[in-house]
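Asker: The lines below spell out each chain.
4 protein chains.
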Amino acid sequence: MKAALIEEKGGDFIVKDIDKPTPNENEVLIKVEACGICHSDNFVKAGAFPGIEYPRVPGHEVVGIIEETGKSVNNWKIGQRVGVGWHGGHCFECESCRRGDFINCQNGKISGISYDGGYAEYMTAPKEAVANVPEELSSVDAAPLLCAGITVYNALRNSGIRAGDLVAVQGIGGLGHLAIQYASKMGMRTVAISTSDSKKELAKELGAHHFINTEKQDASEELQKLGGAKLILATAPHSDAISSVVDGLGIDGKLLMVAATGEPIEVSPMQLLMGRKSAAGWPSGTAMDSEDTLNFSAMTGTKPMIEEYPLEKVNEAFERMMNNKARFRVVLKP
Amino acid sequence: MKAALIEEKGGDFIVKDIDKPTPNENEVLIKVEACGICHSDNFVKAGAFPGIEYPRVPGHEVVGIIEETGKSVNNWKIGQRVGVGWHGGHCFECESCRRGDFINCQNGKISGISYDGGYAEYMTAPKEAVANVPEELSSVDAAPLLCAGITVYNALRNSGIRAGDLVAVQGIGGLGHLAIQYASKMGMRTVAISTSDSKKELAKELGAHHFINTEKQDASEELQKLGGAKLILATAPHSDAISSVVDGLGIDGKLLMVAATGEPIEVSPMQLLMGRKSAAGWPSGTAMDSEDTLNFSAMTGTKPMIEEYPLEKVNEAFERMMNNKARFRVVLKP
Amino acid sequence: MKAALIEEKGGDFIVKDIDKPTPNENEVLIKVEACGICHSDNFVKAGAFPGIEYPRVPGHEVVGIIEETGKSVNNWKIGQRVGVGWHGGHCFECESCRRGDFINCQNGKISGISYDGGYAEYMTAPKEAVANVPEELSSVDAAPLLCAGITVYNALRNSGIRAGDLVAVQGIGGLGHLAIQYASKMGMRTVAISTSDSKKELAKELGAHHFINTEKQDASEELQKLGGAKLILATAPHSDAISSVVDGLGIDGKLLMVAATGEPIEVSPMQLLMGRKSAAGWPSGTAMDSEDTLNFSAMTGTKPMIEEYPLEKVNEAFERMMNNKARFRVVLKP
Amino acid sequence: MKAALIEEKGGDFIVKDIDKPTPNENEVLIKVEACGICHSDNFVKAGAFPGIEYPRVPGHEVVGIIEETGKSVNNWKIGQRVGVGWHGGHCFECESCRRGDFINCQNGKISGISYDGGYAEYMTAPKEAVANVPEELSSVDAAPLLCAGITVYNALRNSGIRAGDLVAVQGIGGLGHLAIQYASKMGMRTVAISTSDSKKELAKELGAHHFINTEKQDASEELQKLGGAKLILATAPHSDAISSVVDGLGIDGKLLMVAATGEPIEVSPMQLLMGRKSAAGWPSGTAMDSEDTLNFSAMTGTKPMIEEYPLEKVNEAFERMMNNKARFRVVLKP
Ligand SMILES: [Zn+2]
Ligand SMILES: [Zn+2]
Ligand SMILES: [Zn+2]
Ligand SMILES: [Zn+2]
Ligand SMILES: [Zn+2]
Ligand SMILES: [Zn+2]
Ligand SMILES: [Zn+2]
Ligand SMILES: [Zn+2]
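Residue numbers (UniProt numbering), protein chains in the order written: chain A, 1 to 334; chain B, 1 to 334; chain C, 1 to 334; chain D, 1 to 334.
Think of the hints as simulated: they come from the structure by calculation, not from any bench. Note that CB positions come from ideal geometry on N, CA and C, so glycine has one too. One thing to keep in mind: the hints can contain errors.
Below, simulated BS3-like cross-link-like pairs (lysine-lysine); rule was C-alpha separation at most 27 Å, straight line [stated by the list, open to error]:
1. B/Lys71 x C/Lys204
2. D/Lys77 x D/Lys2
3. C/Lys303 x C/Lys204
4. C/Lys109 x B/Lys71
5. D/Lys16 x D/Lys45
6. A/Lys2 x A/Lys20
7. C/Lys109 x C/Lys20
8. D/Lys225 x C/Lys109
9. B/Lys109 x B/Lys31
10. C/Lys20 x C/Lys31
11. A/Lys20 x A/Lys109
12. B/Lys20 x B/Lys9
13. A/Lys71 x D/Lys109
14. B/Lys109 x C/Lys77
15. B/Lys303 x D/Lys204
16. A/Lys225 x C/Lys77
17. A/Lys77 x D/Lys109
18. C/Lys225 x A/Lys77
19. A/Lys31 x A/Lys109
20. B/Lys225 x A/Lys109
21. D/Lys77 x B/Lys225
22. A/Lys109 x D/Lys71
23. B/Lys313 x B/Lys31
24. B/Lys225 x B/Lys204
25. D/Lys2 x D/Lys71
26. D/Lys77 x A/Lys109
27. D/Lys225 x B/Lys77
28. C/Lys303 x A/Lys204
29. A/Lys225 x B/Lys109
30. D/Lys71 x A/Lys71
31. B/Lys9 x B/Lys325
32. A/Lys71 x A/Lys109
33. B/Lys216 x B/Lys200
34. D/Lys2 x D/Lys109
35. C/Lys71 x B/Lys109
Stretch-level coverage of chain D by chain B, calculated; a stretch enters the list once three of its residues show a Cβ under 8 Å from a Cβ in chain B [said to hold, decoys possible]:
36. 160 to 167
37. 181 to 194
38. 291 to 301
All chains should be built: construct the whole structure from the sequences, respecting the hints.
Answerer: What follows is the structure in structure tokens.
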């Protein structure tokens, strides 16, 4: 089968024929129909994740058709269309797993990092990493929802906000353009925060009720004029920008960060104490969370904005994604 | 009547005779029996709070007997023993008040800052700032519970922890020595974190199950060995020390800060994202929260460790408190 | 001024001229623009509420313009358009009020029952019972939202449901037709449950994704086919019908009842224990909840279906409402 | 090995030698040290559970030492002391399992019902049904905590109560005498409700702050005098008695039922609506919940009151338990 793989840390993608994988007893074999490119795929290219073994096929926004199931797999059927996201499997034995908190599995696997992912014609995945895809969604539209989508949908629905609350989405990119749609479809008074007016019209189309351009306006002040945000969803990994909106939180307001960066944000006890505020993080979700994300998206008509590329053009597609030129996600078709 | 007052920013306490106050229609007149000294009383001495008018009598940990009630006061009776804490009244008209969230009143008053407090033989207080004191508690024991006590009790009970959870109290001082008692009486597996072994024995007596000396041990590592903290209650305003325990949080762990300082703590999105962690602040409580604090303390036998001083020795008493020599709260008796 | 009043228990409405009321220091005077008729207004006609004094002007779905404010009223301005709902004021002194839980005030007043309401050209209301009306809503549309609307909006947003959950609305009447709109605009997978197909098309237009006709289908079975309801909002006071849907609850499902009836429902510990289910009640809300309801309605375009009547035709209008002939709320215009 | 088994529906226990079981790849073999008798064991004797196959060895309060582990078991070690409770395993594949909500597994197994339990010298259990037992607890003391204990501990800690709340425990039996201890050790103001004064002294010793004798007093009235219960934990399956305490709930009060009976309780929408009350059920817990229960019990010194019997006297022991003569749990030792 054809696959796009990285052969060594720092290398480019090589598209070549490799053996079609065989599922073990707890796995399914998926014929890939679409695979989104995610910034985190760069972990494989850059070798920036501990313990990556090469060659490796990246890809954790995968949608395809089950072609074969392992002998201990009872909950998936051949022919079923399914997806695989970032959470690539868990051990069922560690304390987190025993608590049913699979996302925090101490031995968790990541699709396309711990094992070969979706930049290929076929991939295998553990049965616990697989999500059903509702028929209303096309495969290319569903793919990015399995990482970009689930991250913000799951963060939003578990954040404690109530319909009608003021919710700000900081950053209008791969995650942000989905978060704006989700927030407004959840009945939130939605504020889009961006660094230029170029995305203002788009933000309104996606459902934003208000738009703040941080080049011209102080985001914290503007949020306070609107009553103070109950939630600010920070979708981009820029700690300076995140720090600058903390004072836009209203009473009981929460700053929720979904983009991983190790650079500290600047926040003081005093800032949080007055008004009982908090800063928190959220880490995507499991395969069931993916199903919930896909179902909600299908029901509400939420779709990612995507650019499609054939697998052969993976290097070009990948560059476009990494340089933030894409609006807003790039999807490979094998 | 006798009162200890600050006549100008930076001045010492002067004990002198001033007019006994008269309650307005919504106030009660309280004959003071005990008044705790709090670090925040230094706002008055240092002039560090916006808009303080001098002379000013500080004191927001007040217990006494109602001697007179204003004509619109129906819920307090002459002869009733009551307390007044930091939250000194609210406007009933702002949005927070209309939501019943009095602690966030946009026009809130602070006892002993917005108006004269309890370093005196008498004080008046708005009826909404007054809490009933259960008979099981002596006045000197009850007084510090109205600020130091309520702050940590209310933070703990509203933090989402469940009985059996690992809860760390950082700092064993005025707030911390109460927090350890409360946490253990709430059924929490309680960890005391201190900077020396000198308080180890005391911590165990107060109910701590574990003790960490940060001079010798890495607090975060030790907490992880115990499973990771569901809650770390940071009771002292030292942002460096607070930052150093963030990695001691377990899954869904929360760092809860109750001591106000404007100095930023150091925490990154990545630290919070893995394990769904959060950092949050909590601001004491209302008069009803004070009642709950006092009732819980009476039921469980929780008492502050105090040193008593006559009102005349206010300057000496205040110095002892400010220099952290007291174990752990100082209470004035008029 | 003109008012429609009940002069004695069981009497009809008499429209006549009475003195225009004068607000006391904590009240506002409102020139009524619209007043919805609610089934609960029958308490006045039937004398079915303890302690009603006659003559009494009913009406607790009132929208109008402030014409005068009492001298202690600082948060309302003359000329401002406001509304008054069921919750007609509170005492600020009882334990519930001191906790900020005004709806449970032990001395609470009810508009149009404890004092004269909105079936008139003018009414007075305590300042704490008044809600701002956003300009996007017409007065006749806003009026029913102050009782029918707030009850279901507030119940829904505080029920713990998350966007995407399966939410059933039982009964498509005054409350139900609003609940369907709110639920779907909150991103819920919304099921309308009715007793005939006659409202099926309407239900879909209001936003329902599914429709169950209990004449032809077993509602519990149908809900289970859809995965089991996280929430069933029972909007009509029919305990038999309510009991029949309990088994339609999914895991962690909640039956939430907003229509008051003293007739027991039938539910066993076993039914609730399996799947951690619950049955609960919800009692409308305060003036701030009304504001939230109106703002959410304005933002999402939610409107009641109404029939307008001049105040003079109050008896006809009232009959129409009581006999459930109206689709779905009747609004009087003075 | 020796085992006490039921050979047919309605039969007595026969103690005889049967083959020692062999663990499959996902199971452990446990040398039983103690096994509590539970009312639910009667399901086996009476044949009152669908699908029971005979002969069957009951027993779902089992503590013992692991003697062998299946080849896919990595989280348990030979020689480790462990326990097995009611929840006897799950499928990992159904929707509930995929959500991590194992207790609601659609293919869940029950120890001693789906497979042979702990009335024997040895038993096997799936690895996911096994809990570690802390060394502070003896095996006979730990055994009843795996069903009676977990049920009430888990119900209490997940009920939303906060330390200091008024919590009533209805029924002082196997579950109730543990619930009183847990509630008071969680810092709850604990009320014991019983049908006679004979258990008054005991209730106080177990930690109850108040005692209500329903023969002499109206429980609802008494609870209201104490402020109204935030939680009433109904531990006995008597729907009449349960119904009689509903009006003892305070604001936001919850009636939580842990004893399974199909007989309806009597509760009306009106009763729940005023004060936002609820009635709910709770179904024990998983192996991790058992571990939490055991750890909390060890930390707080909570123990069941038990009577020990040798396995040979199983019929006598069982009768004593079924007739409610035991104080309060009976434990078999093989
Ligand atoms: Zn794991
Ligand atoms: Zn990704
Ligand atoms: Zn203080
Ligand atoms: Zn205010
Ligand atoms: Zn009404
Ligand atoms: Zn009140
Ligand atoms: Zn299952
Ligand atoms: Zn049992």
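Asker: All hints, please: hold or fail.
Answerer: Okay, the hints, checked on the actual structure:
1. B/Lys71 x C/Lys204: violated (58 Å)
2. D/Lys77 x D/Lys2: holds (24 Å)
3. C/Lys303 x C/Lys204: Measuring from Cα to Cα gives roughly 15 Å; hence the hint holds.
4. C/Lys109 x B/Lys71: Distance of about 22 Å is within 27 Å: holds.
5. D/Lys16 x D/Lys45: holds (16 Å)
6. A/Lys2 x A/Lys20: holds (9 Å)
7. C/Lys109 x C/Lys20: This hinted pair holds, its Cα atoms lying about 20 Å apart.
8. D/Lys225 x C/Lys109: holds (24 Å)
9. B/Lys109 x B/Lys31: holds (20 Å)
10. C/Lys20 x C/Lys31: holds (10 Å)
11. A/Lys20 x A/Lys109: Within the cut-off at roughly 21 Å; holds.
12. B/Lys20 x B/Lys9: Distance ~23 Å between B/Lys20 and B/Lys9 Cα, so the pair holds.
13. A/Lys71 x D/Lys109: holds (22 Å)
14. B/Lys109 x C/Lys77: Distance ~24 Å between B/Lys109 and C/Lys77 Cα, so the pair holds.
15. B/Lys303 x D/Lys204: Holds. B/Lys303 to D/Lys204 sits at ~23 Å (cutoff 27 Å).
16. A/Lys225 x C/Lys77: Holds: A/Lys225 and C/Lys77 sit about 20 Å apart, inside 27 Å.
17. A/Lys77 x D/Lys109: The given pair, whose Cα atoms are some 24 Å apart, holds under the 27 Å limit.
18. C/Lys225 x A/Lys77: holds (20 Å)
19. A/Lys31 x A/Lys109: holds (20 Å)
20. B/Lys225 x A/Lys109: holds (24 Å)
21. D/Lys77 x B/Lys225: holds (20 Å)
22. A/Lys109 x D/Lys71: The given pair, whose Cα atoms are some 22 Å apart, holds under the 27 Å limit.
23. B/Lys313 x B/Lys31: Status holds; Cα separation ~19 Å.
24. B/Lys225 x B/Lys204: This hinted pair holds, its Cα atoms lying about 19 Å apart.
25. D/Lys2 x D/Lys71: The hint holds at about 26 Å.
26. D/Lys77 x A/Lys109: holds (24 Å)
27. D/Lys225 x B/Lys77: Roughly 20 Å separates the two Cα atoms, so the pair holds.
28. C/Lys303 x A/Lys204: Given that 27 Å is the threshold and the Cα spacing comes to 23 Å, the pair holds.
29. A/Lys225 x B/Lys109: The given pair, whose Cα atoms are some 24 Å apart, holds under the 27 Å limit.
30. D/Lys71 x A/Lys71: Within the cut-off at roughly 18 Å; holds.
31. B/Lys9 x B/Lys325: holds (24 Å)
32. A/Lys71 x A/Lys109: The hint holds at about 21 Å.
33. B/Lys216 x B/Lys200: holds (13 Å)
34. D/Lys2 x D/Lys109: Given that 27 Å is the threshold and the Cα spacing comes to 23 Å, the pair holds.
35. C/Lys71 x B/Lys109: OK: C/Lys71 and B/Lys109 at ~22 Å, within 27 Å.
36. 160 to 167: With 3 residues closer than 8 Å to chain B, the segment 160 to 167 of chain D meets the three-residue bar; holds.
37. 181 to 194: holds (count 5)
38. 291 to 301: The restraint on the segment 291 to 301 of chain D holds, since 5 of its residues have a Cβ under 8 Å from chain B and three suffice.
Hint check: a violation occurs at hint 1 only; the rest are consistent with the structure.
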